[in-house]
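Got chain A; can you put chain B on it based on the hints?
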Amino acid sequence: DVKVTQSSRYLVKRTGEKVFLECVQDMDHENMFWYRQDPGLGLRLIYFSYDVKMKEKGDIPEGYSVSREKKERFSLILESASTNQTSMYLCASSSTGAPSSYEQYFGPGTRLTVT
Amino acid sequence: AQRVTQPEKLLSVFKGAPVELKCNYSYSGSPELFWYVQYSRQRLQLLLRHISRESIKGFTADLNKGETSFHLKKPFAQEEDSAMYYCALSGGNFNKFYFGSGTKLNVKP
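Protein sequences, first through last, are from chains A and B.
Numbering follows the working numbering, with no gaps: position 102 of the first sequence is 198.
Numbering follows the working numbering, with no gaps: position 88 of the second sequence is 754.
Chain A on its own, in the form it takes in the complex (with noise of 0.2 Å):
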């Protein structure tokens, strides 16, 4: 059974402060990835990464980086949060291959609020 954790369900940060948000998964899947989720705008791809130390900027990527030393694991960091950036953070990973294993498997979220 696939699982993806992450670091914090919730978060409160102030506006300027650098925030990491931290997602493992543990099997061993090649890609993984950070979408940030709004009402009314559905899912928005931020970050994926394909492989350790490779990355990719998605659709929102203004604001963050990533970063990736272990295939477990893929970290979203807000360099300078804003209060804009408050939001629910998904976390998800998948596996190369097949067309069976294009699924996406996500964690459970992270809502973030900025003050």
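Just so you know, these hints were derived from the structure itself, not from any lab.
Please note that a few of the clues may not be correct.
Said to hold, decoys possible - Calculated lysine-lysine pairs in the DSS-like style (CA-CA distance at most 30 Å, straight line):
| no. | chain 1 | residue 1 | chain 2 | residue 2 |
| --- | --- | --- | --- | --- |
| 1 | B | K770 | A | K149 |
| 2 | B | K681 | A | K99 |
| 3 | B | K770 | A | K153 |
| 4 | A | K153 | B | K688 |
| 5 | A | K166 | B | K762 |
| 6 | A | K153 | A | K166 |
| 7 | B | K723 | A | K99 |
| 8 | A | K109 | A | K153 |
| 9 | B | K675 | B | K723 |
| 10 | A | K167 | B | K762 |
| 11 | B | K770 | A | K166 |
| 12 | A | K99 | B | K739 |
| 13 | A | K114 | B | K762 |
| 14 | A | K151 | B | K762 |
| 15 | B | K762 | B | K681 |
Frame of chain A, contents of chain B only:
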């Protein structure tokens, strides 16, 4: 450009009524289409994928390439179907997904 459109933000039906959640997409290649569901206080999870041609919890979805649609249907809605539903498209490299904006289904008793 890749795009997934879910025109309804909220869909309310009575228990036992048929339900159809609409999804239209645009993609230049041959996409894989999915429906994901998020029940209250639970994580987002896969409901079904078009390549499997399966029925999950009574839901089915048919890929119509001519109309570029992948509508989700269930003949008799149940209260436990109340949730947020996202249509998603996968294509290209690295299993990148494109999600719609979601439809909240509310099944009333």
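Here is what the structure says about each hint:
1. B:K770 - A:K149: violated, 37 Å
2. B:K681 - A:K99: The given pair, whose Cα atoms are some 33 Å apart, is violated under the 30 Å limit.
3. B:K770 - A:K153: holds, 29 Å
4. A:K153 - B:K688: holds, 29 Å
5. A:K166 - B:K762: Holds - the C-alpha atoms of B:K762 and A:K166 are around 20 Å apart, at most 30 Å.
6. A:K153 - A:K166: Status holds; Cα separation ~19 Å.
7. B:K723 - A:K99: holds, 22 Å
8. A:K109 - A:K153: Status holds; Cα separation ~24 Å.
9. B:K675 - B:K723: Distance of about 22 Å is within 30 Å: holds.
10. A:K167 - B:K762: With a Cα-Cα distance of about 18 Å, the restraint between A:K167 and B:K762 holds, given a limit of 30 Å.
11. B:K770 - A:K166: With Cα atoms ~36 Å apart, B:K770 and A:K166 exceed 30 Å; violated.
12. A:K99 - B:K739: holds, 29 Å
13. A:K114 - B:K762: holds, 27 Å
14. A:K151 - B:K762: Distance of about 12 Å is within 30 Å: holds.
15. B:K762 - B:K681: violated, 36 Å
Of the numbered hints stated above, those contradicted by the structure are hints 1, 2, 11 and 15, listed in ascending order.
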